[in-house]
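Enquirer: The task is simple: from the sequences and hints, build the whole structure.
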Amino acid sequence: MGKLFSGASLALFAPLVMAQNQVNMSPGVTEIGADIFELHMLIMWICVVIGVAVFAVMFYSMYAHRKSKGYQASQFHESTKVEVAWTVVPFLILIAMAVPATSTLLEVYDNDEAELDILVTGYQWKWKYEYLQESGENVAFFSNLATAQEEIYNTQAKGANYLLEVDEPLVIPTNTKVRFLITANDVIHSWWVPEIAVKRDAIPGFINEAWTRVPQEGIYRGQCTELCGAYHGFMPVEVHAVSRDEFDAWMAAKRGAALAQDQLAMQTLSADELMSKGKAVYDGACLACHGAQGQGGIGNAIAGSPVVLGDVGAHMAVVAKGVAGTAMQAFGGQLSDVELAAVLTYQRNAFGNNTGDVVQPSDITGMKNG
Amino acid sequence: MGDHHHGPAQGVTRWLFTTNHKDIGTMYLWFSFAMFLLGGFFAMVIRAELFQPGMQLVEPAFFNQMTTLHGLVMVFGAIMPSFVGLANWLIPMMIGAPDMALPRMNNWSFWILPPAFLMLASTLFMEGGAPAFGWTFYAPLSTTYAAPSVTFFIFAIHILGVSSIMGSINIIATVMNMRAPGMTYMKMPLFVWTWLITAFLLVAVMPVLAGAVTMMLMDIHFGTSFFSAAGGGDPVLFQHIFWFFGHPEVYIIILPAFGVVSQIIPAFSRKPLFGYASMVYATASIAFLSFIVWAHHMYTVGMPVAGELFFMYATMLIAVPTGVKVFNWITTMWRGALSFETPMLFCIGFLVLFTLGGFTGLMLSIAPADFQYHDTYFVVAHFHYVMVAGAVFSMTAAVYYWLPKWCGRMYNESMGKTHFWISFIGFNITFFPQHFVGLAGMPRRIPDYALQFADFNMMSSIGAFIYGASQLLFLYNVVATIVAGKPVREDKVWDGAEGLEWTVPTPAPYHTFEEPPVVPKPAGTI
Chain W
16 MGKLFSGASL
26 ALFAPLVMAQ
36 NQVNMSPGVT
46 EIGADIFELH
56 MLIMWICVVI
66 GVAVFAVMFY
76 SMYAHRKSKG
86 YQASQFHEST
96 KVEVAWTVVP
106 FLILIAMAVP
116 ATSTLLEVYD
126 NDEAELDILV
136 TGYQWKWKYE
146 YLQESGENVA
156 FFSNLATAQE
166 EIYNTQAKGA
176 NYLLEVDEPL
186 VIPTNTKVRF
196 LITANDVIHS
206 WWVPEIAVKR
216 DAIPGFINEA
226 WTRVPQEGIY
236 RGQCTELCGA
246 YHGFMPVEVH
256 AVSRDEFDAW
266 MAAKRGAALA
276 QDQLAMQTLS
286 ADELMSKGKA
296 VYDGACLACH
306 GAQGQGGIGN
316 AIAGSPVVLG
326 DVGAHMAVVA
336 KGVAGTAMQA
346 FGGQLSDVEL
356 AAVLTYQRNA
366 FGNNTGDVVQ
376 PSDITGMKNG
Chain L
1114 MGDHHHGPAQ
1124 GVTRWLFTTN
1134 HKDIGTMYLW
1144 FSFAMFLLGG
1154 FFAMVIRAEL
1164 FQPGMQLVEP
1174 AFFNQMTTLH
1184 GLVMVFGAIM
1194 PSFVGLANWL
1204 IPMMIGAPDM
1214 ALPRMNNWSF
1224 WILPPAFLML
1234 ASTLFMEGGA
1244 PAFGWTFYAP
1254 LSTTYAAPSV
1264 TFFIFAIHIL
1274 GVSSIMGSIN
1284 IIATVMNMRA
1294 PGMTYMKMPL
1304 FVWTWLITAF
1314 LLVAVMPVLA
1324 GAVTMMLMDI
1334 HFGTSFFSAA
1344 GGGDPVLFQH
1354 IFWFFGHPEV
1364 YIIILPAFGV
1374 VSQIIPAFSR
1384 KPLFGYASMV
1394 YATASIAFLS
1404 FIVWAHHMYT
1414 VGMPVAGELF
1424 FMYATMLIAV
1434 PTGVKVFNWI
1444 TTMWRGALSF
1454 ETPMLFCIGF
1464 LVLFTLGGFT
1474 GLMLSIAPAD
1484 FQYHDTYFVV
1494 AHFHYVMVAG
1504 AVFSMTAAVY
1514 YWLPKWCGRM
1524 YNESMGKTHF
1534 WISFIGFNIT
1544 FFPQHFVGLA
1554 GMPRRIPDYA
1564 LQFADFNMMS
1574 SIGAFIYGAS
1584 QLLFLYNVVA
1594 TIVAGKPVRE
1604 DKVWDGAEGL
1614 EWTVPTPAPY
1624 HTFEEPPVVP
1634 KPAGTI
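Residue numbers (the working numbering), protein chains in the order written: chain W, 16 to 385; chain L, 1114 to 1639.
Hints may contain errors.
Derived pair list, reagent style BS3-like, types lysine-lysine, alpha-carbon separation capped at 27 Å [said to hold, decoys possible]:
| id | chain 1 | residue 1 | chain 2 | residue 2 |
| --- | --- | --- | --- | --- |
| 1 | L | K1599 | W | K143 |
| 2 | W | K84 | L | K1605 |
| 3 | W | K143 | W | K336 |
| 4 | W | K84 | L | K1300 |
| 5 | L | K1599 | L | K1530 |
| 6 | W | K336 | W | K383 |
| 7 | L | K1300 | L | K1605 |
| 8 | W | K82 | L | K1599 |
| 9 | W | K96 | L | K1300 |
| 10 | W | K173 | W | K143 |
| 11 | W | K82 | L | K1530 |
| 12 | W | K292 | W | K336 |
What the hints contain is simulated information worked out from the structure, not anything from laboratory work.
Expert: Laid out in structure tokens, this is it:
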């Protein structure tokens, strides 16, 4: 019956669905998404039918029983029969709704036998994805909003995926049961991708489970759906579902990059290398609060900042450990030694700071070790 | 003293020291209208920013302050006090009592409100800005990560809670002790019944809210960890406590609205309310259910599946008594002699739109589907259908309906009808498209959105400006009526109106029912 309902409803809604203005829930690409969509349409149509019937009676009465037409009011005011009927009948309808709702819910909660586990951690205002491997060699990275500030502040045309694009998307294999372990580092966030029918709150100190099995390759976009502070609207989710082979190749490349990064940390980098890397890190991690020109915003200004112009160790401490009670996070656990070295170098030399200091990855390792 | 027929004192002290239920009711009503305009102004800022994609007028942090204050001011400043004002004016007149049972406390419960809201509004000018964590103030965003102004917010909430508790104790005491001889419980007008039940809800849940904000205060200033997992607490605990207050709270808002509609529809149908007894039982059932459904606001927090099922089934059950009410109202109209003055129009608007909000509420109760609806604009649309088209429309109907009795002057009917139509159309232009963007995937509480939501958001903003402007027409109409409306002299202003309040002179004198009235057998009871 569910299938029939959604089929009929899709046909009815089809003329309304314009490319731009989607008016209904999307069934998405997963089985559960389709089940939820059918459930949604079933309940909606039941409501529509009841609503039309009830208000037809009301509008008929408003037309036929008008005082201006000289209609005389009748004085009846109770009837046990109808009152029992309209208590019992809705109750039965509710039971009919509860049956498919229960079975779909049980499906959503079936977290067993996942083939791939991904730890999703919400940060103000980005997502961290960590692929959990039995070998312990986890692959982890942050996923930041990729939309330019210029687009947000209307000085540049907005792209097609405005606010729904990230610098590094989550990549998952198709036809694989992927389990998400969802948590948060600071406040509560919520990880939502409508097309793959996953929404779970990310709660600091707790780990929630959710799962999906995506049958077809594609790019699926979503957003944080729990108010998490100033930039709640600017932490999208982008999921790339790819074939198993493509996924394996991507994973191997990620591992290789992680190894190269570790090796890089042993080397001495040139000032130019550090500056260009540092700008990339700054744009991803610092810019939202400290501004594109280091002018400040939610955070203090970087340009001319006494912290930045002062002792490297103190500067490093602020970046690595954060400032308690403010929005300044502890980046020590979020950025690699190379990235920390690069961003410190960049901050100390960009925006007119010109200290000439070059911070090497080995300096960071040294400071971390005491 | 001793003189029974003294009028009000002169000057400002009349209002400061008054213990008269009508004066206090009037102050509540004007105060709530002022808050309605303030909260409405915040809404206009929100809709102006959302008019187009991209950040135009305000910064994201300030946008969050606007959504937070809009919610807090509308819930605690506009809707709740407006119904308390109505209760003050009407309950003594409806049950044949000379005043409220506890008049001095009545004065106090009103006068602590303005300072509380002044304090809440002043947070806008504090360093770090006003509260920006939504009216639901989930920890730890509202504790560890909040601006320092959160402490003032907590104090303000405490005062509002004290005011509400005092107001409800007063209503309970009045209804239980001050009914005129012969005014049995099952003869009370439905507005009195719904308020009696509401008052019990308030007394039960406002202390829970007070507990929640006190725990926040402890976490922020005294090193406790009620809501911090790092210290052994639980952020989800906050949500359980908040919604144990919050769900009954939405019925606190809507039950008196049901009461109003149950008075007005019979009056303009010229026919007694259908199913009076079942209305009372339905109201009580809704109140009971409101205590056992709170976690349907939290389907996505990761509850065990058994919990999800319990809260889903319990929530779906609310549809039964709510349906009974809607059917009763429509059957009241059936074969009546209907006329469509402004109060009736607002009640019919209420009936249609509130029911629509009820349907979306039923959809939201379905846990698996809620995973897609939760925290999207679909939810925003849903609760504005029940809060604005429900509570605010019925409150507006109440003002038009009883204003002639209060001030002895008739409002301008065509201006009233114009107000209705602009409100009705503006409201739907604002909130109907929000169902679409919500289903299409737009999260709530975001200051900027993806391009596919642009058209409907622009429509929503235009509707909001129309709806907002229509309230100025309302203000003008009410002021013009009080100052220079056409005088009304009949006790019974509306030919179909029933109840003791229509047996006192028009305008209602400063003191009514100093001698208990003879209670007529109300139509609709046996």
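Enquirer: Taking the hints in turn, state whether each one holds.
Expert: A quick look at each hint next to the structure:
1. L/K1599 <-> W/K143: Violated. L/K1599 to W/K143 sits at ~68 Å, over the 27 Å cutoff.
2. W/K84 <-> L/K1605: Roughly 23 Å separates the two Cα atoms, so the pair holds.
3. W/K143 <-> W/K336: Satisfied, since the Cα-Cα distance of roughly 18 Å is no more than 27 Å.
4. W/K84 <-> L/K1300: violated (32 Å)
5. L/K1599 <-> L/K1530: holds (17 Å)
6. W/K336 <-> W/K383: holds (11 Å)
7. L/K1300 <-> L/K1605: Judged against 27 Å, a Cα distance of about 19 Å means the pair holds.
8. W/K82 <-> L/K1599: holds (24 Å)
9. W/K96 <-> L/K1300: holds (23 Å)
10. W/K173 <-> W/K143: holds (26 Å)
11. W/K82 <-> L/K1530: Between W/K82 and L/K1530 the Cα gap is close to 18 Å, so the pair holds against 27 Å.
12. W/K292 <-> W/K336: holds (21 Å)
The structure is inconsistent with the numbered hints 1 and 4, although it conforms to all the rest.
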